[in-house]
Amino acid sequence: MKILVCITSVPDTTAKISFTQDNTQFNKTGVQFIIGPYDDYALARAVELKEQHGGSLTVLNVGTSDSDPQIRKALAIGADDAIRIDTEPTDSYFVAAQIAEIAQKNSYDLILMGRESIDFNSGVVHGLVGEMLGIPSYSPVMKLEITDGKAEFAREIDGGKEFLEADLPLVLGCQEPIAEWKIPNMRGIMTARSKPLNVVPATPMDDLTVLKKYTLPAPKGECKMIAAEDAEQLIALLRTEAKVL
Amino acid sequence: MSVIIFVELDNGSIKKSSLEAIYYGSKVAESTQTTATVLAIGSAEESALKEAGKFGAQKVLHANDGKLSHENSLAYANVLAQAVEQEGSKIIIMAKSGLGDAVAARVAAKLKAGIVSGVTELPDTSSGFTVTRAIYTGKAFASVELNSDTKVLVVRKNAVEAVATEASASVEVFAPTLQDSDFAATVKNVEKASSELSLTDADIIVSGGRGMKGPDHWDPLLELADALGAATGCSKPVSDLDWRPHHEHIGQTGIKVAPNLYIACGISGAIQHLAGVNGSKCIVVINKDPEAPFFKAADYGIVGDVFDVLPRLTKAVEAAK
Ligand SMILES: Cc1cc2nc3c(=O)[nH]c(=O)nc-3n(C[C@H](O)[C@H](O)[C@H](O)COP(=O)(O)OP(=O)(O)OC[C@H]3O[C@@H](n4cnc5c(N)ncnc54)[C@H](O)[C@@H]3O)c2cc1C
Ligand SMILES: Nc1ncnc2c1ncn2[C@@H]1O[C@H](COP(=O)(O)O)[C@@H](O)[C@H]1O
Chain A
540 MKILVCITSV
550 PDTTAKISFT
560 QDNTQFNKTG
570 VQFIIGPYDD
580 YALARAVELK
590 EQHGGSLTVL
600 NVGTSDSDPQ
610 IRKALAIGAD
620 DAIRIDTEPT
630 DSYFVAAQIA
640 EIAQKNSYDL
650 ILMGRESIDF
660 NSGVVHGLVG
670 EMLGIPSYSP
680 VMKLEITDGK
690 AEFAREIDGG
700 KEFLEADLPL
710 VLGCQEPIAE
720 WKIPNMRGIM
730 TARSKPLNVV
740 PATPMDDLTV
750 LKKYTLPAPK
760 GECKMIAAED
770 AEQLIALLRT
780 EAKVL
Chain B
418 MSVIIFVELD
428 NGSIKKSSLE
438 AIYYGSKVAE
448 STQTTATVLA
458 IGSAEESALK
468 EAGKFGAQKV
478 LHANDGKLSH
488 ENSLAYANVL
498 AQAVEQEGSK
508 IIIMAKSGLG
518 DAVAARVAAK
528 LKAGIVSGVT
538 ELPDTSSGFT
548 VTRAIYTGKA
558 FASVELNSDT
568 KVLVVRKNAV
578 EAVATEASAS
588 VEVFAPTLQD
598 SDFAATVKNV
608 EKASSELSLT
618 DADIIVSGGR
628 GMKGPDHWDP
638 LLELADALGA
648 ATGCSKPVSD
658 LDWRPHHEHI
668 GQTGIKVAPN
678 LYIACGISGA
688 IQHLAGVNGS
698 KCIVVINKDP
708 EAPFFKAADY
718 GIVGDVFDVL
728 PRLTKAVEAA
738 K
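Residue numbers (the numbering used here), protein chains in the order written: chain A, 540 to 784; chain B, 418 to 738.
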């Protein structure tokens, strides 16, 4: 089985977000980057599936060399090789088109992604790639088993779960508890250094969307404290002052 | 040319978040001098679909093939693309949800459309077509200009304040051509708490953390939720411990919600939890620790014991009815 896992390199969940150059650039100073938490679940499950079924596991990132540490980490966790499409990811459509182009050439059985990236939070790249390749896409997937070329998986739906069965190939957006995050061990880290990281140029295409500027949310007003003895007052305040009841 | 809005149905009625998307779509239609058409897929009474008129749609296309009764983003995207073609639409709108994003993505790829998900405001059409969207899990916003001929917008809750009128919409049957490949997956089973209020749709959410002490202590929270007509949520450890079902878990790795009112009971307010609630209009925090970080993100706070405060709030809500 040939598995592709698409990973993002994103600011750590606790990072403070700020911008530079007239609010048109993300300020990377002092920010720690990690593999997207959902992508990390996808990767963990992919490593397990490879252990069970054999085959190959490739990680893919659309990004600049800034992503290399996260790609190396994915190799240390268990991917066999990596592809980096060397470009600044501008929007979901562009990223998906780059991924689809690689996937078309290599015909993977399974393409795993995170349910969403935690920088752009679109939750759309898997659907875009699925449609571009003409294969089904599902998200968010929280359980996945492969038997005889068939996938059995569970997907979270509004207020519950749905259990599905489908033939490969598939594109799946993953979330916990599909697998436990894996931490690279020493051997993994050593072997990762010699695993291939293939840097390929991006395929040019027209920008469908253009970023104009970033903004930060308005600072939050003071929290109005209500003494526990007067808890009942809250209800009146929510009605008359906040007007949310 | 009309703006087209894909809506989700729940028990034959248009979901609240979708009604909001219709209103959003009707405003976009106004500013681009066209009309708003709704596409509803699945079974629904004509009277329920006419609700769309109250939120500004002129017309509803209703696709009700038995095969479409089950939520299927592949087939729905295909139906939507056909509706877009029939109407000559250039702008496609839907509410943000798992289904909304999936349908939006697949239809955008079919039509080579620019897609922006998580839109928080009406577009600026004064020069070009620019929208604002939430990024970094609500910690920032981006203004994005769409240059593509066809545009897909996935709209977050509370992007507009929807106002209902007495207007009505015409309902037309829409009979798309379905393709077998969209039905290749077999649905083995669906586990759904049908009576439950949907978290992404809810105006009010009462949410509990580890401070609720255990699965047997949830009643005070459920009673307040009941009195308020609220949905219930929880923090990640709570669902990890199986005190509450996984689909209730809110935050970075769970659901992102944007209700008018979020009441956090015994939740510390870790940044990963805040990531799921920072779209809320008003946040109330009840925590016995005055230093709990959640108070920094709150509009109203009560330093107290949830088991004392919650029943009293429930009584106050009942009394005010
Ligand atoms: C990558 C990553 C992703 C994560 N994703 C999420 C996520 O999506 N959602 C999420 O919620 N967490 C997430 N977490 C976990 C998060 O960091 C916190 O650990 C978690 O939110 C804490 O949950 P809690 O507030 O319920 O529990 P605690 O932190 O244990 O807080 C319990 C609170 O209850 C209060 N309390 C106790 N007893 C009472 C009482 N009787 N009355 C009133 N107050 C009381 C305490 O003062 C305390 O503030 C994530 C963590 C990581 C590393
Ligand atoms: N630049 C990228 N490189 C590789 N994979 C990506 C990239 N951006 C998004 N993805 C994948 O697509 C998923 C959904 O991303 P998004 O639609 O941006 O929320 C992510 O969890 C990743 O698995």
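The set of hints was computed from the structure by calculation and includes no laboratory data. Among the clues, some could well be false.
Cut-off 25 Å, straight-line C-alpha distance, at most; resulting in silico cross-link-like pairs (DMTMM-like, lysine to aspartate or glutamate) [as the list claims (entries may be wrong)]:
{"no.": "1", "chain 1": "B", "residue 1": "Lys-713", "chain 2": "A", "residue 2": "Glu-640"}
{"no.": "2", "chain 1": "A", "residue 1": "Lys-763", "chain 2": "B", "residue 2": "Glu-708"}
{"no.": "3", "chain 1": "A", "residue 1": "Lys-734", "chain 2": "A", "residue 2": "Glu-640"}
{"no.": "4", "chain 1": "B", "residue 1": "Lys-609", "chain 2": "B", "residue 2": "Asp-643"}
{"no.": "5", "chain 1": "A", "residue 1": "Lys-763", "chain 2": "B", "residue 2": "Asp-620"}
{"no.": "6", "chain 1": "A", "residue 1": "Lys-541", "chain 2": "A", "residue 2": "Glu-691"}
{"no.": "7", "chain 1": "A", "residue 1": "Lys-700", "chain 2": "B", "residue 2": "Glu-608"}
Derived coverage of chain B by chain A (criterion: at least 3 residues anywhere in the stretch with Cβ under 8 Å from a Cβ of chain A; other residues may be distant) [to be verified]:
{"no.": "8", "segment": "442 to 454"}
{"no.": "9", "segment": "561 to 568"}
{"no.": "10", "segment": "625 to 633"}
{"no.": "11", "segment": "716 to 728"}
For glycine and all other residues, C-beta sits at the position ideal for the given N, C-alpha and C.
Go check the segment 716 to 728 of chain B versus chain A for me, would you? Three or more residues, Cβ under 8 Å, otherwise it fails.
-> Since three or more residues must qualify, the claim that chain A covers the segment 716 to 728 of chain B holds, with 9 doing so at under 8 Å.
Within 25 Å, alpha carbon to alpha carbon, are Lys-541 of chain A and Glu-691 of chain A?
-> holds, 17 Å
Are the Cα atoms of Lys-609 of chain B and Asp-643 of chain B separated by 25 Å or less?
-> holds, 19 Å
Is the Cα-Cα distance between Lys-713 of chain B and Glu-640 of chain A 25 Å or less?
-> Violated: Lys-713 of chain B and Glu-640 of chain A sit about 46 Å apart, past 25 Å.
Chain A covers the segment 561 to 568 of chain B, three or more CB atoms within 8 Å, holds or violated = Result for this restraint: holds, n = 5.
Agreement of Lys-763 of chain A and Glu-708 of chain B with the hint, judged by alpha carbon distance not exceeding 25 Å | Judged against 25 Å, a Cα distance of about 14 Å means the pair holds.
Is it true that the CA of Lys-734 of chain A sits at most 25 Å from the CA of Glu-640 of chain A?
-> holds, 23 Å
Per the coverage rule (Cβ-Cβ under 8 Å, at least three residues), is the segment 625 to 633 of chain B covered by chain A?
-> violated (count 0)
Between Lys-700 of chain A and Glu-608 of chain B, is the straight-line Cα distance small enough, at 25 Å or below?
-> OK: Lys-700 of chain A and Glu-608 of chain B at ~5 Å, within 25 Å.
Do at least three Cβ atoms from the segment 442 to 454 of chain B come closer than 8 Å to Cβ atoms of chain A?
-> violated (count 0)
Holds or violated: are the alpha carbons of Lys-763 of chain A and Asp-620 of chain B at most 25 Å from each other?
-> holds, 21 Å
Going down the numbered hints, you'll see the structure goes against 1, 8, 10, while the others check out.
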